[in-house]
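Student: Dock chain G against the given chain D, drawing on the hints supplied.
Residue numbers (the numbering used here), protein chains in the order written: chain D, 349 to 699; chain G, 349 to 699.
Simulated from the structure, these hints should not be mistaken for lab results.
Ideal placement from N, C-alpha and C gives every residue a C-beta, glycine not left out.
Heads up, a few of these hints could be off.
Simulated crosslink set (DSS-like; lysine-lysine; CA at most 25 Å straight-line) [claimed, not checked]:
{"hint": "1", "chain 1": "D", "residue 1": "400", "chain 2": "D", "residue 2": "422"}
{"hint": "2", "chain 1": "G", "residue 1": "612", "chain 2": "G", "residue 2": "443"}
{"hint": "3", "chain 1": "G", "residue 1": "538", "chain 2": "G", "residue 2": "526"}
{"hint": "4", "chain 1": "G", "residue 1": "526", "chain 2": "G", "residue 2": "572"}
{"hint": "5", "chain 1": "D", "residue 1": "538", "chain 2": "G", "residue 2": "422"}
{"hint": "6", "chain 1": "D", "residue 1": "443", "chain 2": "D", "residue 2": "670"}
{"hint": "7", "chain 1": "D", "residue 1": "422", "chain 2": "G", "residue 2": "538"}
{"hint": "8", "chain 1": "G", "residue 1": "670", "chain 2": "G", "residue 2": "526"}
{"hint": "9", "chain 1": "G", "residue 1": "612", "chain 2": "D", "residue 2": "612"}
Just a few of them, taken from the derived set where beta-carbon distance is under 8 Å, the chain G residues facing chain D [said to hold, decoys possible]:
{"hint": "10", "residue": "498"}
{"hint": "11", "residue": "502"}
{"hint": "12", "residue": "587"}
{"hint": "13", "residue": "608"}
There are 2 protein chains.
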Amino acid sequence: MLDSLTIALDAMGGDQAPDIVIEGASLTNIRHPDTEFRIYGDEAVIRPLLDKHAALSAVSTIVHTDNAISADMKPSQALRSGRASSMGMAITAVKEGEAAAAVSAGNTGALLALSKFILRMMPGIDRPALVALMPTRDGETAMLDLGANVECSDENLVQFAVMGAAYVRLVQGLSRPKVGLLNIGSEELKGHESIRLAADRLREADLSYEFVGFVEGDDIGFGKADVVVADGFTGNIALKTVEGTARLILELFQRAFRNSLLSKLGYLLARRALRTLRDHLDPNTHNGGMMLGLNGLVIKSHGGASAAGYASAIDVAIELAKGNLQERIAADLAALGAGENEPAAEEAASA
Amino acid sequence: MLDSLTIALDAMGGDQAPDIVIEGASLTNIRHPDTEFRIYGDEAVIRPLLDKHAALSAVSTIVHTDNAISADMKPSQALRSGRASSMGMAITAVKEGEAAAAVSAGNTGALLALSKFILRMMPGIDRPALVALMPTRDGETAMLDLGANVECSDENLVQFAVMGAAYVRLVQGLSRPKVGLLNIGSEELKGHESIRLAADRLREADLSYEFVGFVEGDDIGFGKADVVVADGFTGNIALKTVEGTARLILELFQRAFRNSLLSKLGYLLARRALRTLRDHLDPNTHNGGMMLGLNGLVIKSHGGASAAGYASAIDVAIELAKGNLQERIAADLAALGAGENEPAAEEAASA
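Just chain D, same shape as in the assembly (with noise of 0.2 Å):
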């Protein structure tokens, strides 16, 4: 359909927008000179940014628009008044098919909101799920669905596995990605009915993926799981509480090193291993979460986001574009329905 690919940027959005969102797409420009942009926002403060970049500029429209979403509008209030922001043109430009994918930083609830209304759900997903990857041990791991549905049925699971393994597939390049629901480990102590019905289901489906049972939170961070499935109220618990730790763990560790000369002296020599390892756990590199499930591709950045960080997310977008991340779904959830629904009847119709 599109000869080159489009990515639509939503340039009034995040911390430090629209400069970290000119700066990140000319870092993208730089890996993917033949990828477009279409640039959403207020054109007089674009313009003198993207002529900084000639080769950015050369493969770029500017999209103008007066409308910017706050960070602090209320979702109900995007869906009013917000279609015609730079977050809302750029979401609608994926749904008219003049872009591949949007990109944006901009307040998460509206994003969530105007993406689920302008671009609906994908046929065969009866729920959207926020997917992020998260660092670990040695890479990074996918989980989902972190915060778009509070309560989750047993077919709600097993979509979210089905998307988080495409996902995955294509953002970490995995040919078979490992599976797995979180729950809590105890014998006696099982997790919530819909778990176990889950479990059951992608035990027994034939997927490009393997499904490696029940994942505990400590679990997340060893690389047990490529894709950690669970339902929006715990996978927010869990994704808060492993950010929430390692704040906690850096700070307590500056502070130690603060503690004496000595280790003053011992921070200085191992400062670069040390920032090394900041980075592994930035979610700046590990930019590019996305809500799966939706007739489209929308990639959320962190709003607070580098212009690396931005450009990580830009780089998702791109790969999960050519990818076709849709597609990809669409074929195992029409694998998973012939496989699981209706195998008495195909064997009904060879004997």
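Tutor: This is chain G only, laid out in the frame that chain D set:
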């Protein structure tokens, strides 16, 4: 009832039992020389260990049993055959009034099952809850339920809040603890209905704690609440996620320090400060979790606890027994019940 406090010890539970149990008791004995011990287990093994500590021997009675609960015994099996075990007998001593509290580092599932079976629930509490202390930036916070109940009603959560507040008042010495409900934060994505209903009740109740509302996963480590209340599924996921993230980051730090000669040298210089930090994050220094809501005190020590860790579990048992935990919970429940259920009746009576 008891002239001096007596604590029942399951000498055979834990990875290094009975050595660590006796070592731990000898440490507590220095701080609490008047506390007496009933030590349950294999006398032939315990006696020589106890003989090394004259002061502890003088306040201890060994109650022999050949029967012990193994680490891999299922709770159902423990219920069938474990009443005469060192663990079962220590719990029974609490039931019979021979001890003010029992401490065990043994099989958690068996301990919970036997405690529930032998002691039964205290009046006014519908479900027991597992509580433990977790390290925070400037101290510790108590979290419950950590896995005793997968599904919880708003009434259960309110009772957990009352029990948790009573627990930290004694263990932490807080006169007016801050109590919060673990929830997800987004305005549009409110948590489960049970949490919102529990919040309404806790907000209205006039108890001896401060209700601080909802606490998110990333608030746990920063002391927003002294007591974090959740259903057992969510609490267990959060607990394990904290543990796993802490383990991951410490591992990554060690790896970072091995990266180069300079960083190795840095580690050597900073190692005292880092050891202080590791101690703060060590579960051993926060030992003394328990199942709240039973007709008696049973304290769970980590199975891998050091002698110091085991001693701190005994210390918790002593503090809770001296502070009359059960009576405090009962009083708060009565106040809650009076305030909640019968204001109209009271008004009618006074009219």
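Student: All hints, please: hold or fail.
Tutor: A quick look at each hint next to the structure:
no. : hint          : result
1   : D:400 x D:422 : violated, 34 Å
2   : G:612 x G:443 : violated, 54 Å
3   : G:538 x G:526 : holds, 21 Å
4   : G:526 x G:572 : holds, 8 Å
5   : D:538 x G:422 : holds, 14 Å
6   : D:443 x D:670 : holds, 17 Å
7   : D:422 x G:538 : holds, 14 Å
8   : G:670 x G:526 : holds, 22 Å
9   : G:612 x D:612 : holds, 14 Å
10  : 498           : holds, 6 Å
11  : 502           : violated, 15 Å
12  : 587           : holds, 7 Å
13  : 608           : holds, 6 Å
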